[in-house]
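Each protein sequence line maps, in turn, to chains E and G.
Going by the numbering used here, the first sequence wraps up at 114, each residue one higher than the last.
Going by the numbering used here, the second sequence wraps up at 246, each residue one higher than the last.
Be careful, since some hints might not be right.
Here are the simulated lysine to any residue pairs, SDA-like style, with alpha carbons at most 25 Å apart [what the hints assert, rightly or not]: (1) E:Lys62 <-> G:Leu120; (2) E:Lys62 <-> G:Thr116; (3) E:Lys39 <-> G:Glu115; (4) E:Lys62 <-> G:Leu121.
Hints listed in this document are in silico derivations from the structure and should not be mistaken for laboratory results.
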Amino acid sequence: MGDLIGSLFLLGGALFLFSAGLGVLRMPDTYNRIQTGTKATTLGTILILVGLAFMHPAWTFKLIILIFFVMLTNPVSSHALARAAHAIGTAETESTVIDLLEPGTDDDTRERPE
Amino acid sequence: MIKRILILLVLAMLAVMFLKLASNYHENSTLSTLGQYYAERGPAELGAANLVTAVVVTYRGLDTLGEVTVLFISAAGVGLLLRRTRRTDDDEDLDKGDRAEETAGTHKPASEIVETATQLLLPMVILFGIYVFLNGHLSPGGGFQGGAIIASGTMFLLLALPESHISRTLIAMTESLSGFSYVIIGVLGVILAGGFLDNRIMGLGTYGHLFSAGAIPLIYVFVGLKVGFELSAVLDRFRKEDSGPL
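Chain E with its partners taken away, still in its complex shape (with noise of 0.2 Å):
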């Protein structure tokens, strides 16, 4: 029963992890391709640690240090990649609609799409 469960989770955290793939190649501009590489490769990986939790439940202790570690370490790397990538200029999709590290940029003055 554990080994079907684990087994489920696998699959699923595979999905997350080829939709990550699949992204990266996909998306239009260097920040978006960042967000898929950490959103899903981070919900994948999770996914793929509580499986083998399930498979081998004597490993429980560690996979979870390693789910925390993966939890803090890959947005964090992400939000400075991003910022790094921002701050030398690298260009946006037309279709951005707001840029709050622009300066003078904020909340209140994102144009609404009709």
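Fit chain G to the supplied structure of chain E, relying on the hints for placement.
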């Protein structure tokens, strides 16, 4: 069109190459004479639970000393190539609009998120590095790996707090002292035990415990410190502008 045909051609050639490799491959079922010697005598002779470490640090210890030297020379080379030259104030070649050029020398402060994450993670990264090289004789890992992890902690620090000052004197002193102690242990092996870098100058202890395998943990501590500080010095050299005395 031609590009596609070329790609297909390269893929076909790769396939032929790997097919040849794979079809002629048969796994070795017995150890070589040397491998058998290491596997049979190693644990009893040197007391290291991780046989790879026993080979790397003791049987082939001189090679490891050579590797440490290679790393030292490359770090020295980086230091020589990236010697700091202060930017003159009226730099006429500065292109207007080139953001990377204009902002050179002024560090953009890291965001709060990165700083907070660094405060949380940096101690753990360094602790993990120390763990890896202290347990080199028991589990996978060792001086080089632990040192690299410590250097990645330095990288973290430089990213989060670009203005932070890293003492060159401390780095140079630690690095030289570690390298020196490593060689001294090797020479002690000649005097007290069977040869250069012999680990039996100290008691072998209980097999599989932290304090075991003679001088191997001590050697790995020195290698780890040396590699860690050396790589940290390399990273520090890559910073754009000097933020302290050389």
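Structure-based check of each hint:
1. E:Lys62 <-> G:Leu120: Holds: E:Lys62 and G:Leu120 sit about 19 Å apart, inside 25 Å.
2. E:Lys62 <-> G:Thr116: This hinted pair holds, its Cα atoms lying about 24 Å apart.
3. E:Lys39 <-> G:Glu115: Holds: E:Lys39 and G:Glu115 sit about 21 Å apart, inside 25 Å.
4. E:Lys62 <-> G:Leu121: Given that 25 Å is the threshold and the Cα spacing comes to 17 Å, the pair holds.
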